[in-house]
Amino acid sequence: MKTNQVCVSHKNNHKRVLSALAFLVFSLLVVGCSGVDGGNLAGGAGVQETLVAEALTGTPGASNGDGVSTPEPTALAQEDPLVAPTTAVGPSGQIAYIAKTEDGKTEVMLANADGSAEPLALTNDGAPKDTPVRSPNGEYVAYAGNVDNNLDIYMLRISDRSLTRLTSSPAKDGWPSWSPDGRLVTFESFRDGNFEIYAVDVQSGVETRLTNNPAGDGHPTWSPDGRWILFVSNRDGGADIYRMDANGGNVIRLTVEAAPDASPSWSPDGQSIAFTSWRDGNPEIYRMRADGSDQQRLTNNNGRDDYPFWSPDGQEILHVSGESGKENVAVMDANGANARVLTAGNAYNVYPAWSPNGLYVAYQGNRNGENTIYVMDLNGNVLHQVSLPGQQTTEPIWFQP
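For reference, each letter of the sequence shown is one residue, going 7 to 407 in the working numbering.
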């Protein structure tokens, strides 16, 4: 494990790159990671386009499983992204994101969530980066970086911008996820000729292999109590969601549909899991208990509903909704009721991130060919732009120092 001090470049404001390792491009078999590609910033279905080929488009189902049709979400926002604020108390905290400049360099940036002050570059190596995730204490950001033409996991300390390289495998390592106690970072790695899940101790650098299967295992996600790790695997023929103990033991298959299931997201209390399923012919959001029981369809729309993110209080779920390349940010109650679109138009709005208090959302919006980080309230009113003009930016993460 190597540690090196990283200078700050106040003017390097860049944007994200990477497509978060397409770890299983599903023709139903694991495929090598596509690598880090800044070209993915301008369109497509977003970094987490994980397991299913774009050919999996279909007509939406007619019901949500209870025989009750789910209405299309109602759009609230206007086409103009700069709507005057309507809230008395504005957003607080900080937002980190990936930025790419016109010269092709990519950095991790840090901005005040209220839009004050100019964003700062936390890195200055210019290498492609993606999938930033904050540590539980908000002091660090882990991400996948391609510093020496190989994708590895790095840990960045916000206070002094010191950078620690957590992995140095000749194969690709990506999709970092913090344990709730901040002691471990799990990640997916292609070092064994297929994707497997590993954990690295951020203090000692000791790595532990958690899965060992000839198929592909990836996209690890910790439960809030640190007891379990969700992951996606094609070990039984198709992309399904599995759960294992924190040490890699007691693997349980949670979904058994022939169609792909992916993008699992824990509820804050650890009792429920939201996820994306193609079982009805197109991506829709489902919900199940932590043991895989009681699977319920939450959305039923044309196009796609994908990438669910629970609100901090567990009452609502953010997700991406709409036709591929023209997605919008939407929100609904945790039971699927009161669905509404927060952004509008054909501008490609993706990567929603909750504020810590659950009152605001940061997201990537693409207007006039430029990917920009905005902050909006839950009425769809855009309060301000966070990233600087002239950048291609993506993957915001919000934290309270």
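Everything labelled a hint here was simulated from the structure, so no lab data went into it.
Any given hint could turn out to be false.
As the list claims (entries may be wrong) - Cβ pair distances, simulated, as ranges:
| # | residue 1 | residue 2 | range |
| --- | --- | --- | --- |
| 1 | Pro220 | Gly331 | 28 to 36 Å |
| 2 | Leu365 | Gly199 | 28 to 36 Å |
| 3 | Pro230 | Ala264 | 45 to 53 Å |
| 4 | Asn256 | Arg197 | 20 to 28 Å |
| 5 | Ala177 | Leu365 | 38 to 46 Å |
| 6 | Glu376 | Gly144 | 44 to 52 Å |
| 7 | Asn118 | Asp297 | 15 to 23 Å |
| 8 | Asp275 | Glu145 | 40 to 48 Å |
| 9 | Ser98 | Asn341 | 39 to 47 Å |
| 10 | Asp251 | Gln209 | 29 to 37 Å |
| 11 | Ser165 | Pro230 | 22 to 30 Å |
Cβ coordinates follow ideal geometry from the N, Cα and C atoms, glycine included.
Violated hints - listed by number, lowest first
The structure conflicts with hints 2, 3, 6, 7, 8, 9, 10, although it agrees with all the remaining ones.
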